[in-house]
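S.K.: Letter by letter, the chains look like this.
Protein chains: 2
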Amino acid sequence: MPTIKDVAKRAGVSVTTVSRVLNNRGYIGETTRKKVYKAMEELDYQPNEVARSLFRKKSNIIGLIVPTVAHPFFGEMTSYIETYAYSRGYKVLICNSQLDSSKEQEYIWMLRRNQVDGIIMASHTLDVEEYKKLELPVVAFDRFISKKIPYVTSDNYRGGKLAVELLLERGCTKIAHMCGSLHLDMLANQRHRAFMDVAEERKVPYFTVETDINVFEVKKYEELLLDLFIEHPEVDGLFLNSDIMAVAAMKVCSKLGKRVPEDVKIIGYDDVSIASLVSPEITTIRQPLEQMSRLSVRLIEGLVNKKPVSVENCLPVELVRRGTA
Amino acid sequence: MPTIKDVAKRAGVSVTTVSRVLNNRGYIGETTRKKVYKAMEELDYQPNEVARSLFRKKSNIIGLIVPTVAHPFFGEMTSYIETYAYSRGYKVLICNSQLDSSKEQEYIWMLRRNQVDGIIMASHTLDVEEYKKLELPVVAFDRFISKKIPYVTSDNYRGGKLAVELLLERGCTKIAHMCGSLHLDMLANQRHRAFMDVAEERKVPYFTVETDINVFEVKKYEELLLDLFIEHPEVDGLFLNSDIMAVAAMKVCSKLGKRVPEDVKIIGYDDVSIASLVSPEITTIRQPLEQMSRLSVRLIEGLVNKKPVSVENCLPVELVRRGTA
DNA sequence: CAATTTATGTCAACCGGTTAACATACCCGG
DNA sequence: CCGGGTATGTTAACCGGTTGACATAAATTG
Numbered sequence: 001m002p003t004i005k006d007v008a009k010r011a012g013v014s015v016t017t018v019s020r021v022l023n024n025r026g027y028i029g030e031t032t033r034k035k036v037y038k039a040m041e042e043l044d045y046q047p048n049e050v051a052r053s054l055f056r057k058k059s060n061i062i063g064l065i066v067p068t069v070a071h072p073f074f075g076e077m078t079s080y081i082e083t084y085a086y087s088r089g090y091k092v093l094i095c096n097s098q099l100d101s102s103k104e105q106e107y108i109w110m111l112r113r114n115q116v117d118g119i120i121m122a123s124h125t126l127d128v129e130e131y132k133k134l135e136l137p138v139v140a141f142d143r144f145i146s147k148k149i150p151y152v153t154s155d156n157y158r159g160g161k162l163a164v165e166l167l168l169e170r171g172c173t174k175i176a177h178m179c180g181s182l183h184l185d186m187l188a189n190q191r192h193r194a195f196m197d198v199a200e201e202r203k204v205p206y207f208t209v210e211t212d213i214n215v216f217e218v219k220k221y222e223e224l225l226l227d228l229f230i231e232h233p234e235v236d237g238l239f240l241n242s243d244i245m246a247v248a249a250m251k252v253c254s255k256l257g258k259r260v261p262e263d264v265k266i267i268g269y270d271d272v273s274i275a276s277l278v279s280p281e282i283t284t285i286r287q288p289l290e291q292m293s294r295l296s297v298r299l300i301e302g303l304v305n306k307k308p309v310s311v312e313n314c315l316p317v318e319l320v321r322r323g324t325a
Numbered sequence: 001m002p003t004i005k006d007v008a009k010r011a012g013v014s015v016t017t018v019s020r021v022l023n024n025r026g027y028i029g030e031t032t033r034k035k036v037y038k039a040m041e042e043l044d045y046q047p048n049e050v051a052r053s054l055f056r057k058k059s060n061i062i063g064l065i066v067p068t069v070a071h072p073f074f075g076e077m078t079s080y081i082e083t084y085a086y087s088r089g090y091k092v093l094i095c096n097s098q099l100d101s102s103k104e105q106e107y108i109w110m111l112r113r114n115q116v117d118g119i120i121m122a123s124h125t126l127d128v129e130e131y132k133k134l135e136l137p138v139v140a141f142d143r144f145i146s147k148k149i150p151y152v153t154s155d156n157y158r159g160g161k162l163a164v165e166l167l168l169e170r171g172c173t174k175i176a177h178m179c180g181s182l183h184l185d186m187l188a189n190q191r192h193r194a195f196m197d198v199a200e201e202r203k204v205p206y207f208t209v210e211t212d213i214n215v216f217e218v219k220k221y222e223e224l225l226l227d228l229f230i231e232h233p234e235v236d237g238l239f240l241n242s243d244i245m246a247v248a249a250m251k252v253c254s255k256l257g258k259r260v261p262e263d264v265k266i267i268g269y270d271d272v273s274i275a276s277l278v279s280p281e282i283t284t285i286r287q288p289l290e291q292m293s294r295l296s297v298r299l300i301e302g303l304v305n306k307k308p309v310s311v312e313n314c315l316p317v318e319l320v321r322r323g324t325a
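These protein sequence lines map, in sequence, to chains R and V. Using this note's numbering, read the first sequence as starting at 1 and increasing by one per residue. Using this note's numbering, read the second sequence as starting at 1 and increasing by one per residue.
Simulated from the structure, these hints should not be mistaken for laboratory data. You may find that some hints are simply not true.
Copies of the same chain look alike in the list, so a pair counts if it works inside one copy or between any two.
Straight-line alpha carbon distances no greater than 27 Å define the calculated DSS-like cross-link-like pairs of lysine-lysine that follow [stated by the list, open to error]:
1) 5 - 258
2) 38 - 255
3) 57 - 307
4) 5 - 133
5) 58 - 258
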């Protein structure tokens, strides 16, 4: 790998001059500039960003911790985040925590050792205190940690409300909500809050199916839903916390000979691309994932540049009526 | 952020001693070691990996270029790669090229500037020459570039063969294959080769549906398949190059009132998790994605450590019989 | 023509570690 | 008591850039 010295030698100028060309500072003559560019080209030179990062104390790298990028929601989110971050001059180090808190802690340490400029946390299994200790810019995705740590979310309560209301509007009389662990302190739990509030207010019997703490195992979804229908065959409305769960629900219904939406109405969440790909298409609550992703990056940028940023960033959700409810 | 100097001062030892503790080299007394660890803990010190990378000329970062991590196949792959890489001491910088060659080129430059130890390329839209120029360790995913560049793939020809043979075994009389651009020089194109070979040998009429060069747009899949059925309503067997396409195919069939598998048999490819989640479950050709991912990382490691590695790495595929064929 | 402005160079320090070379000193065993 | 292993320190160079201070000289400008 050629270094700046090689470039200087080849162009017949000093290292300082090359650096000045590279960073566009100070006076540089046109001919010199051309000479330097030519030398760079001939040597196929590219500045060593590691050296630059060291000096500048800025790596232009964002750490992104997700449960797993294999889950379509986080896959899409990661794609949006990386694409936008790149357009802003940032690179993304990806971390799959599997919702395992010791892994999450290790990743945080690793990111710190690697001098990332900030961390977007879409997995939070640690105690609040651990996050507060971080002197790094941190943006939480879908979780409130403290008044100091900005977070991005969408209107989960409203999402939950819209979902149940749709089920009731469609005439459901016994409904269930399947969600992730309610022990993890995530704002997504507000969907369940809304679900219960509305169900109770309308005096509709309801059930809750909580998945394991550390699981995106789709097989598990099926089992749990099967159990639900075995215990409560009269359930005729299902609110699922993700579209993936909704797909699983459709399968379980089909297995049990229940027609969707005739016998059972199903409403998912997120509006990932698979939701509109299956048949019937899944009625769902759409989170503005692209906007949320971009906003996360902008918040990190704001923190990095010591600009004031708003702590609470809640974007609206939208009911997408399709075939399953 | 505390530096090694702060630790030295606090522990009352020299910087060299701290470094020796950190790197476990030379003689260190037990009491000194303890003092140093204690100081590190008290200061919450972590060594600056940027500085270390600079000195060692090794970043322990792998660049991963995929078309988009939003596609389940690449999402799952990325998850496997990152998890395995992390267990081997590597971090992963993720790049979504969108199958856009100028973006791909930019990402390659970026990765080089950032001194990654190697690149796993699962998107290759550039001319072969561009890749050969790279002095970096590169592993290609599903593409043969040159005898110098190791690649990981699975037995695409066999996969294609298994797929068509299954369709024929199931009695299909008019079949079609939907695949990505055949202009991108990917080993996945061998599936189409096999498809045609078998169809011709068995004298079964067949059609090819080629998607656009730069697309994972699922809407497009539907349109193309709809067009296919409008032009050739007698098609009764569909081989799709991904499970996502297969899901789209099921939807199109359902729209047209064709039952799967009774009227149309469908076989997908990859066996991503969604394949066994929809109903009916998708019959598919399984690529050993986890093994392929791990192998890619090991190849990078081998190249980094100047160990001899085999150029051709083709893993077996497997027919997974499920509900759609 | 003097004063600026422009253009470039030299030199050294710095970012935060790592490492080789060399010095010193203690402890232990033969 | 000498020699070698153990333990630690000092110093300086290095990784590949960046930057400020300062010097020099040519080109512009008023």
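S.K.: It remains to establish, for every hint, whether it holds in the given structure.
M.R.: Here is what the structure says about each hint:
In the homo-oligomer, the alpha carbons of residue 5 and residue 258 never lie at most 27 Å apart, since the shortest distance is 73 Å inside one protomer and 69 Å across protomers. In this homomeric assembly, residue 38 and residue 255 never come within 27 Å of each other (Cα to Cα): the closest approach is 68 Å inside a single copy and 60 Å across copies. In the homo-oligomer, the alpha carbons of residue 57 and residue 307 lie at most 27 Å apart inside one protomer (18 Å), although the nearest pairing across protomers, at 35 Å, exceeds that limit. In the homo-oligomer, the alpha carbons of residue 5 and residue 133 lie at most 27 Å apart only across protomers (22 Å), although the nearest pairing inside one protomer, at 41 Å, exceeds that limit.
Taking CA atoms no more than 27 Å apart as the test, residue 58 paired with residue 258 passes in neither setting, with 57 Å inside one copy and 58 Å between copies.
Going through the hint list in order, the structure does not satisfy hints 1, 2, 5.
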